[in-house]
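There are 2 protein chains.
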Amino acid sequence: MTTKSRFNVLEALAEDEVSISELFEKEPDRLNRFVMREGPLRVDFSKQAIPNTALDALLSMAAQCDLEEWRAKLFAGEAVNTSEDRAVLHMALRGVGGAKDVQRDVSQMRQHMAAYADEIRSDGKFKNIVHIGIGGSDLGPRLVSDGFEACAEQSLTLRFAENVDGASINDAVKGLDPAETLVIIVSKSFGTQETKMNGESARAWLTAGVGAAAGDHMLAVTANRTRAIDFGIREENIFDFWDWVGGRYSVWSAVGLSLQIAYGPDVFSDFLEGAAAMDKHFRDQPLQENLPVMMALTGIWNRNCLNYSSLAVIPYSRRLRKLSAFLQQLEMESNGKRITRDGNEAGLTCPIIWGDEGTNGQHAFFQWLHQGPSEGKYGGAPVDFVAILKDHENRPDHHKALLANCFAQSEALMLGKSEDAVRQELGDRDDIDALAPQKTFPGNRPSTTITLDELSPFALGHLIALYEHKVFVQGVIWNVNSFDQWGVELGKVLATTILEEMNTDDPGNHDASTTALMGLAKT
Amino acid sequence: MTTKSRFNVLEALAEDEVSISELFEKEPDRLNRFVMREGPLRVDFSKQAIPNTALDALLSMAAQCDLEEWRAKLFAGEAVNTSEDRAVLHMALRGVGGAKDVQRDVSQMRQHMAAYADEIRSDGKFKNIVHIGIGGSDLGPRLVSDGFEACAEQSLTLRFAENVDGASINDAVKGLDPAETLVIIVSKSFGTQETKMNGESARAWLTAGVGAAAGDHMLAVTANRTRAIDFGIREENIFDFWDWVGGRYSVWSAVGLSLQIAYGPDVFSDFLEGAAAMDKHFRDQPLQENLPVMMALTGIWNRNCLNYSSLAVIPYSRRLRKLSAFLQQLEMESNGKRITRDGNEAGLTCPIIWGDEGTNGQHAFFQWLHQGPSEGKYGGAPVDFVAILKDHENRPDHHKALLANCFAQSEALMLGKSEDAVRQELGDRDDIDALAPQKTFPGNRPSTTITLDELSPFALGHLIALYEHKVFVQGVIWNVNSFDQWGVELGKVLATTILEEMNTDDPGNHDASTTALMGLAKT
Numbered sequence: 017m018t019t020k021s022r023f024n025v026l027e028a029l030a031e032d033e034v035s036i037s038e039l040f041e042k043e044p045d046r047l048n049r050f051v052m053r054e055g056p057l058r059v060d061f062s063k064q065a066i067p068n069t070a071l072d073a074l075l076s077m078a079a080q081c082d083l084e085e086w087r088a089k090l091f092a093g094e095a096v097n098t099s100e101d102r103a104v105l106h107m108a109l110r111g112v113g114g115a116k117d118v119q120r121d122v123s124q125m126r127q128h129m130a131a132y133a134d135e136i137r138s139d140g141k142f143k144n145i146v147h148i149g150i151g152g153s154d155l156g157p158r159l160v161s162d163g164f165e166a167c168a169e170q171s172l173t174l175r176f177a178e179n180v181d182g183a184s185i186n187d188a189v190k191g192l193d194p195a196e197t198l199v200i201i202v203s204k205s206f207g208t209q210e211t212k213m214n215g216e217s218a219r220a221w222l223t224a225g226v227g228a229a230a231g232d233h234m235l236a237v238t239a240n241r242t243r244a245i246d247f248g249i250r251e252e253n254i255f256d257f258w259d260w261v262g263g264r265y266s267v268w269s270a271v272g273l274s275l276q277i278a279y280g281p282d283v284f285s286d287f288l289e290g291a292a293a294m295d296k297h298f299r300d301q302p303l304q305e306n307l308p309v310m311m312a313l314t315g316i317w318n319r320n321c322l323n324y325s326s327l328a329v330i331p332y333s334r335r336l337r338k339l340s341a342f343l344q345q346l347e348m349e350s351n352g353k354r355i356t357r358d359g360n361e362a363g364l365t366c367p368i369i370w371g372d373e374g375t376n377g378q379h380a381f382f383q384w385l386h387q388g389p390s391e392g393k394y395g396g397a398p399v400d401f402v403a404i405l406k407d408h409e410n411r412p413d414h415h416k417a418l419l420a421n422c423f424a425q426s427e428a429l430m431l432g433k434s435e436d437a438v439r440q441e442l443g444d445r446d447d448i449d450a451l452a453p454q455k456t457f458p459g460n461r462p463s464t465t466i467t468l469d470e471l472s473p474f475a476l477g478h479l480i481a482l483y484e485h486k487v488f489v490q491g492v493i494w495n496v497n498s499f500d501q502w503g504v505e506l507g508k509v510l511a512t513t514i515l516e517e518m519n520t521d522d523p524g525n526h527d528a529s530t531t532a533l534m535g536l537a538k539t
Numbered sequence: 017m018t019t020k021s022r023f024n025v026l027e028a029l030a031e032d033e034v035s036i037s038e039l040f041e042k043e044p045d046r047l048n049r050f051v052m053r054e055g056p057l058r059v060d061f062s063k064q065a066i067p068n069t070a071l072d073a074l075l076s077m078a079a080q081c082d083l084e085e086w087r088a089k090l091f092a093g094e095a096v097n098t099s100e101d102r103a104v105l106h107m108a109l110r111g112v113g114g115a116k117d118v119q120r121d122v123s124q125m126r127q128h129m130a131a132y133a134d135e136i137r138s139d140g141k142f143k144n145i146v147h148i149g150i151g152g153s154d155l156g157p158r159l160v161s162d163g164f165e166a167c168a169e170q171s172l173t174l175r176f177a178e179n180v181d182g183a184s185i186n187d188a189v190k191g192l193d194p195a196e197t198l199v200i201i202v203s204k205s206f207g208t209q210e211t212k213m214n215g216e217s218a219r220a221w222l223t224a225g226v227g228a229a230a231g232d233h234m235l236a237v238t239a240n241r242t243r244a245i246d247f248g249i250r251e252e253n254i255f256d257f258w259d260w261v262g263g264r265y266s267v268w269s270a271v272g273l274s275l276q277i278a279y280g281p282d283v284f285s286d287f288l289e290g291a292a293a294m295d296k297h298f299r300d301q302p303l304q305e306n307l308p309v310m311m312a313l314t315g316i317w318n319r320n321c322l323n324y325s326s327l328a329v330i331p332y333s334r335r336l337r338k339l340s341a342f343l344q345q346l347e348m349e350s351n352g353k354r355i356t357r358d359g360n361e362a363g364l365t366c367p368i369i370w371g372d373e374g375t376n377g378q379h380a381f382f383q384w385l386h387q388g389p390s391e392g393k394y395g396g397a398p399v400d401f402v403a404i405l406k407d408h409e410n411r412p413d414h415h416k417a418l419l420a421n422c423f424a425q426s427e428a429l430m431l432g433k434s435e436d437a438v439r440q441e442l443g444d445r446d447d448i449d450a451l452a453p454q455k456t457f458p459g460n461r462p463s464t465t466i467t468l469d470e471l472s473p474f475a476l477g478h479l480i481a482l483y484e485h486k487v488f489v490q491g492v493i494w495n496v497n498s499f500d501q502w503g504v505e506l507g508k509v510l511a512t513t514i515l516e517e518m519n520t521d522d523p524g525n526h527d528a529s530t531t532a533l534m535g536l537a538k539t
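Keeping their order, the protein sequence lines are chains H and E. Mind the numbering: the first sequence is residues 17 to 539 in this note's numbering, read in order. Mind the numbering: the second sequence is residues 17 to 539 in this note's numbering, read in order.
Check each hint, because a few of them may be wrong.
Pairs count within a copy or across copies, as identical chains cannot be separated in the list.
The calculated SDA-like cross-link candidates involving lysine to any residue, where the alpha carbons are at most 25 Å apart (straight line), are [claimed, not checked]:
| # | residue 1 | residue 2 |
| --- | --- | --- |
| 1 | LYS406 | GLU169 |
| 2 | LYS212 | LEU29 |
| 3 | LYS508 | GLY443 |
| 4 | LYS338 | THR173 |
| 5 | LYS338 | GLU165 |
| 6 | LYS190 | GLU169 |
| 7 | LYS406 | PHE142 |
| 8 | LYS42 | ASP300 |
| 9 | LYS508 | ASP522 |
| 10 | LYS508 | ALA452 |
| 11 | LYS212 | ARG445 |
| 12 | LYS296 | ALA532 |
| 13 | LYS406 | ALA528 |
| 14 | LYS433 | ARG49 |
| 15 | LYS338 | GLY535 |
| 16 | LYS212 | ALA28 |
| 17 | LYS190 | ARG120 |
| 18 | LYS116 | ASP32 |
| 19 | LYS433 | VAL504 |
| 20 | LYS143 | LYS190 |
| 21 | LYS190 | GLU165 |
| 22 | LYS538 | ALA88 |
The set of hints was computed from the structure by calculation and includes no laboratory data. The structure presented is a predicted model; accordingly, all values stated were derived computationally and were not measured.
Take these sequences, add in the hints, and give me the full structure.
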């Protein structure tokens, strides 16, 4: 089945106008099918514009895409990263899937990290960590660090330096005493330009502070030991991860070492367990009772059948505020592809992932979500709301208001407000024909609401793994390789050229715009 | 001219396939027309997919939209906020436009704030500010606070609390001594739920720390004195702003008081001057030599003629990392409207504004920008790159790398990489027919590159005012009211209802999904 033809049946179904509100009347047991619980997560899909019949068709299509076979291949460690001929086993990092040698390596690394973290925490010499890494080596750790704050104490100050902008490393080390600071350089290749430069600047800062002892202060997390050793990291200070771990899937590995040290190995263990529980759910549940499959199919319906260009991710939680940026990478770097695994045109794949925390977004872009211009079939953008039921901040009034707003927004997006209702409210006024339509809300805008019983490390792991497997399922249905990222290569090559030319005052051979910009940078 | 018909000529022009690279050959003096300098800003539009002929047509259309008349009305203080019958005079906050009484009020407020800020700074009693506000009362101050860091010292610790999530106020006050802390509550209406609750919690925190002296520690910035006084703010501690200042246009007002105290009135003055200089440019320059007009028309071309759904804003600067979120509000809340001023359908208006800082985004979503699925005419999303030429961090190598990457990305987006070139590189391999297309880059993706000579307060003011006026011009062309935001009302009303019901254990009258969610929140 070609990628496009798999959507034909669905597109025909999608031509009908669906009123989400009316689905609740037509399908009185809608919540039974469209709300799923798994551990501490509850996912309510019932306010999606997906009738029962459409869900049947989506599940049927998923099966016809050989989803169960691909899932088995994933967990069996087959080379599902087809273009690079690599296995994809982030699940093995949390103890699920992978052959015996992989499991052994993971287990040894976990013990090594836990022992190291315990030692640092009890020794007390180090009071700060500067975690240097970018992309997958940054966004996951930042998100999880914030998330851990709900339930755990940060025992060491944890700073991040990711951008090559000098402000990044400057801010990271500001006010810290090098004598009390551990620098952890995280790069799968140990060749990423930003991380190398930040690492070099950090090394110089350490050396200026503690001289030759700088070596005691530097760790590397990498799949390239050789380069780390060349950089000056001691062998015993290198924590490995492997080429079957993609950067954007790597927080579970030694990439998370900073988190283990700052919050403790037990917290990190719980986090891994939460992800492992979702792995097993994904692996074992039939498609129609499978949360990541349901998440994926919802997205496919909105993207390929209702033609929405984007998905807004809005976490109603300050501690999950980095979720939107994290998923922006996870989804767009995995599935932002236009070519299938076999070299053909893929059609519509990954939408734009955007968003910010709630309730903040209500005062920023919700105007557009509720009353914005034509987009997709029903306007606005599909929204994933994420909320935490438990109040971790001992501010019950604040927490109730937070939840009330979250629930009200998905209700408002669905219900809208008719022009008749607006006209009644406005009463008699000269400008009513101009004003009433401006105050009307079309409604019928789809959303999913994910609630976590609490923001525990376990629940956080569960949530992130849910999205990882959603991405995998979508990749299978779109028939793209979710695990490579050739799109980052061209910019890298051109940047290397331009930097060399800037350093040697060589204008090179560029278009007039680029030549002029390079000239500006000289002054 | 109806909103839709104004684009007919343009849409016809847009049907031609344009190769951006070839434009440089066909129009050898392209940079003369498509690069504009204004003060410390240089804006390079030349890598947009806009031929000379299209720009002529865009300018012609803009004139036919009565743009010059609307511009004059704006600066004259006429009620361009038609639905609320209000003037729009954020320019007057920096001394441009507005009648004598407005200018007098502004001038008095500026003197009042400067004197107050100087007193606080020299007195030394207060070491911290907690700035409480959300949306326009938050995003502008945060962006500008970051931006000021490039050139100025933050003399007081400045924390922000915006979300009603209890974590927001808890994090804001963490580790601070109430005796040394000034709390500034910023809300035009002094009724915004989040700000009220955060204000109440902050007041309780102050009272617990300093007792009855809490009144010495609280300021209000508002257009509603009465409510502030009821809250317990002393009259002399209230700083006014006016209903002709929209929240998302308000950082220039007393909303920026925290910034004046933390960085000094002179820094803030420079910031206002930078905006004033852009105001005068916008007001006085003919349309064809007018930066905000050019920014707006570029966006119109991409949105209405090339059918792009979004605009990616990517500041290559850590100190401008909040720019994407700030513009997300500024643009989407202003122009995220589907109805014109006279009550008709508006057609395509504001696109989705998204993005994150560079170089970080290169390791997150640039895969999608370069190789993502079909979107708009040429794929990807139009990008506004923003870069600072001067190195403020004393890290010249880092800075050169930062700029090299920025320039390389717009070049890469334009050039792409052909399948032939990829096949040559790959040489002979079995999987070449599958792999070569996956490594191909379609290119021809449009971008604008904005450079600031330095990140001075003046340049920052200049940049933000540029976007403000761009938004105004687009609003005129789309014939929507950029200055109201009815779309935020429905959610507020429903949230109030749901919160009352949650507080009184009343299930209310809701759809099954909302009822169930409210039930979960009870436990």
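A quick look at each hint next to the structure:
no. : hint            : in the structure
1   : LYS406 - GLU169 : within (18 Å within a copy, 39 Å between copies)
2   : LYS212 - LEU29  : neither (52 Å within a copy, 47 Å between copies)
3   : LYS508 - GLY443 : between (61 Å within a copy, 21 Å between copies)
4   : LYS338 - THR173 : both (19 Å within a copy, 23 Å between copies)
5   : LYS338 - GLU165 : both (13 Å within a copy, 23 Å between copies)
6   : LYS190 - GLU169 : both (22 Å within a copy, 13 Å between copies)
7   : LYS406 - PHE142 : neither (33 Å within a copy, 35 Å between copies)
8   : LYS42 - ASP300  : neither (32 Å within a copy, 60 Å between copies)
9   : LYS508 - ASP522 : within (18 Å within a copy, 58 Å between copies)
10  : LYS508 - ALA452 : between (52 Å within a copy, 18 Å between copies)
11  : LYS212 - ARG445 : neither (66 Å within a copy, 33 Å between copies)
12  : LYS296 - ALA532 : neither (55 Å within a copy, 27 Å between copies)
13  : LYS406 - ALA528 : between (57 Å within a copy, 22 Å between copies)
14  : LYS433 - ARG49  : neither (28 Å within a copy, 47 Å between copies)
15  : LYS338 - GLY535 : neither (37 Å within a copy, 28 Å between copies)
16  : LYS212 - ALA28  : neither (52 Å within a copy, 49 Å between copies)
17  : LYS190 - ARG120 : neither (40 Å within a copy, 43 Å between copies)
18  : LYS116 - ASP32  : neither (51 Å within a copy, 58 Å between copies)
19  : LYS433 - VAL504 : between (44 Å within a copy, 12 Å between copies)
20  : LYS143 - LYS190 : both (14 Å within a copy, 19 Å between copies)
21  : LYS190 - GLU165 : both (22 Å within a copy, 13 Å between copies)
22  : LYS538 - ALA88  : neither (55 Å within a copy, 40 Å between copies)
The earlier numbered hints that this structure contradicts are 2, 7, 8, 11, 12, 14, 15, 16, 17, 18 and 22.
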